[in-house]
Amino acid sequence: MADQQPPPSTFAERVRARTTALRRVVARRPVPWIAGGLAAVLVLGSGGAVAIAAATTPGAPAPTRTTAAASTPTPSRSAASTPASTPTPTGRAVPAQVQGPEALRTCSIASQASAAGLGSFEGAVLDAKTGEVLYSHDGERAAQTGSVMKTLTTATALAVLGGDHRIPTTVTKESGGAIALVGHGDATLSAGGATVYPGAPTLAQLAQQVKAKLGSTPVTTIVTDDTYWNDADAWDPTWPVSERTIGYQPEVTALMVDGDRANPGAATSPRSTDPVGRAGALFRTALANAGVAGAANAQIVKRATTSTDTIASVSSQPVSTLIGQMIPNSDNTLAEMLARISSKESGADGSAASLTGVYQAALKSYGVDPSGIVIKDGSGESAANAVSPLFVARLMVQVQAGAKGLGTLAQVLPVSGVSGTLASRFTGANAVARGKVHAKTGWIDSANTLGGYIDAADGSRLTFAFYAIGSSRAAALPALDAVTAATYSCGAELTDS
Numbered sequence: 001m002a003d004q005q006p007p008p009s010t011f012a013e014r015v016r017a018r019t020t021a022l023r024r025v026v027a028r029r030p031v032p033w034i035a036g037g038l039a040a041v042l043v044l045g046s047g048g049a050v051a052i053a054a055a056t057t058p059g060a061p062a063p064t065r066t067t068a069a070a071s072t073p074t075p076s077r078s079a080a081s082t083p084a085s086t087p088t089p090t091g092r093a094v095p096a097q098v099q100g101p102e103a104l105r106t107c108s109i110a111s112q113a114s115a116a117g118l119g120s121f122e123g124a125v126l127d128a129k130t131g132e133v134l135y136s137h138d139g140e141r142a143a144q145t146g147s148v149m150k151t152l153t154t155a156t157a158l159a160v161l162g163g164d165h166r167i168p169t170t171v172t173k174e175s176g177g178a179i180a181l182v183g184h185g186d187a188t189l190s191a192g193g194a195t196v197y198p199g200a201p202t203l204a205q206l207a208q209q210v211k212a213k214l215g216s217t218p219v220t221t222i223v224t225d226d227t228y229w230n231d232a233d234a235w236d237p238t239w240p241v242s243e244r245t246i247g248y249q250p251e252v253t254a255l256m257v258d259g260d261r262a263n264p265g266a267a268t269s270p271r272s273t274d275p276v277g278r279a280g281a282l283f284r285t286a287l288a289n290a291g292v293a294g295a296a297n298a299q300i301v302k303r304a305t306t307s308t309d310t311i312a313s314v315s316s317q318p319v320s321t322l323i324g325q326m327i328p329n330s331d332n333t334l335a336e337m338l339a340r341i342s343s344k345e346s347g348a349d350g351s352a353a354s355l356t357g358v359y360q361a362a363l364k365s366y367g368v369d370p371s372g373i374v375i376k377d378g379s380g381e382s383a384a385n386a387v388s389p390l391f392v393a394r395l396m397v398q399v400q401a402g403a404k405g406l407g408t409l410a411q412v413l414p415v416s417g418v419s420g421t422l423a424s425r426f427t428g429a430n431a432v433a434r435g436k437v438h439a440k441t442g443w444i445d446s447a448n449t450l451g452g453y454i455d456a457a458d459g460s461r462l463t464f465a466f467y468a469i470g471s472s473r474a475a476a477l478p479a480l481d482a483v484t485a486a487t488y489s490c491g492a493e494l495t496d497s
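Sequential numbering from 1 applies to the sequence shown in our numbering.
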């Protein structure tokens with residue numbers, strides 16, 4: 001925090017000096033000076049009260065600074081000012097005098113934080129260097145996160161899997177002309193044409209390896225095995241079906257191709273109700289194209305493989321690369337896969353029900369307290385997720401510092417007005433913070449969110465999370481940008497008063 005020391009000639013010092021002088025005069029000639037001395041002190045006291053009143057938080061949009069010790073109002077970013085006893089837009093009166101470290105922080109975002117577009121607002125801001133909470137408005141209240149959840153998913157995957165981990169897809173040889181395509185959660189496995197996951201492994205690579213192993217031996221059956229985790233909870237009941245039909249979210253199965261997109265080259269593309277069946281059909285085509293005997297007419301059967309005889313294998317790109325493909329564009333598919341794989345690799349069963357415990361154990365390793373968080377999915381699609389803004393802001397202290405590999409996340413967060421899902425944000429008056437906010441966006445029907453870190457105007461670094469719950473997206477986005485831009489302008493002088 002940027003501590004500000006009061007100037008040598010403060011109001012309090014002048015009062016003490018003049019009072020001392022009056023006492024000396026009264027001691028020499030007590031009677032004539034009593035009334036005059038008291039009047040002078042009262043006038044000075046009134047001036048101080050006026051100064052304090054003039055310096056309190058105004059209701060204008062720009063963040064405002066208050067200086068309790070000044071004898072005249074400190075110039076603020078708004079010409080408007082309100083008396084000290086007048087409530088702020090959040091309904092709390094600004095105190096005339098603040099004691100301790102808070103007195104050194106004088107910039108308020110109360111006006112922006114009370115904007116109607118924020119709906120039911122929750123927010124928290126921390127000093128990234130000290131971890132001190134500079135601002136909290138219901139910041140400890142756990143709530144739906146939207147896609148800000150993907151920052152927790154990333155941190156969990158980095159803690160459990162590590163950035164170098166690669167996800168395999170294998171083919172095993174069974175008896176009687178059967179081979180099995182076995183998934184382990186790599187949704188980037190591609191049919192080989194256009195893909196939203198550049199550098200992904202392909203079915204053609206697997207098919208060519210199968211041809212090399214089998215030679216002229218025909219294939220009669222293609223088994224599709226997605227039993228790495230149980231697919232009974234492939235679709236969360238709290239997810240709108242439109243997320244699948246429009247194309248934001250597939251059913252979460254351990255075997256799929258191109259994220260189960262109808263158009264593999266489009267990030268948003270309708271998904272099917274049978275990702276495993278689609279993967280089997282595409283693999284059969286790849287085998288036929290590779291010249292595998294009998295493949296074109298092979299029967300496709302969904303079940304667990306009965307063999308450990310691996311005849312072909314490909315691997316995804318490293319988890320660090322997948323995170324770089326997930327975060328900027330908020331890819332739900334990769335988030336769900338990383339969540340389930342983290343569960344399996346941590347020793348749990350890969351179910352959605354296991355995620356709360358898996359995340360809590362992983363996130364605790366970063367020195368934050370995850371008790372009380374509720375994790376329903378890896379993407380943040382569920383409104384039943386519950387994580388407080390204060391927790392996100394505390395995790396972001398570790399992210400911006402690059403602690404324990406979290407630099408992988410810090411480097412790919414969208415940047416205000418520059419990249420990812422923030423490329424078109426922070427316009428107009430909020431453009432002051434363009435290029436300075438590194439944060440993950442969140443959007444579900446019932447909430448819009450933002451969480452990350454800010455390189456503030458005064459050179460300080462802040463971490464934050466802001467939730468706009470219950471308001472429309474059209475109203476929430478500019479309101480979130482405004483309160484974030486105001487936080488940028490305040491920097492380490494941000495006050496909770």
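Worth flagging that the hints you see were computed from the coordinates, not collected in a lab.
Quantities reported herein were computed from a predicted structural model and do not represent experimental measurements.
A couple of the hints might just be wrong.
[What the hints assert, rightly or not] Below, computed lysine-lysine pairings styled on BS3-like, alpha-carbon distance capped at 30 Å: (1) Lys344 - Lys173; (2) Lys436 - Lys344; (3) Lys302 - Lys364; (4) Lys364 - Lys404; (5) Lys129 - Lys211; (6) Lys129 - Lys364; (7) Lys129 - Lys213; (8) Lys173 - Lys302; (9) Lys173 - Lys129; (10) Lys173 - Lys213; (11) Lys344 - Lys302; (12) Lys344 - Lys364.
Now the hints, each set against the structure:
1. Lys344 - Lys173: OK: Lys344 and Lys173 at ~24 Å, within 30 Å.
2. Lys436 - Lys344: 37 Å, violated
3. Lys302 - Lys364: At roughly 38 Å apart (the allowed maximum being 30 Å), Lys364 and Lys302 break the hint.
4. Lys364 - Lys404: 12 Å, holds
5. Lys129 - Lys211: It is violated: about 57 Å lies between the C-alpha atoms, which goes past 30 Å.
6. Lys129 - Lys364: Within the cut-off at roughly 20 Å; holds.
7. Lys129 - Lys213: 57 Å, violated
8. Lys173 - Lys302: 15 Å, holds
9. Lys173 - Lys129: It is violated: about 56 Å lies between the C-alpha atoms, which goes past 30 Å.
10. Lys173 - Lys213: This hinted pair holds, its Cα atoms lying about 10 Å apart.
11. Lys344 - Lys302: Since the Cα atoms of Lys344 and Lys302 sit roughly 21 Å apart, the hinted pair holds (cutoff 30 Å).
12. Lys344 - Lys364: Since the Cα atoms of Lys344 and Lys364 sit roughly 18 Å apart, the hinted pair holds (cutoff 30 Å).
Hint check: violations occur at hints 2, 3, 5, 7 and 9; the rest are consistent with the structure.
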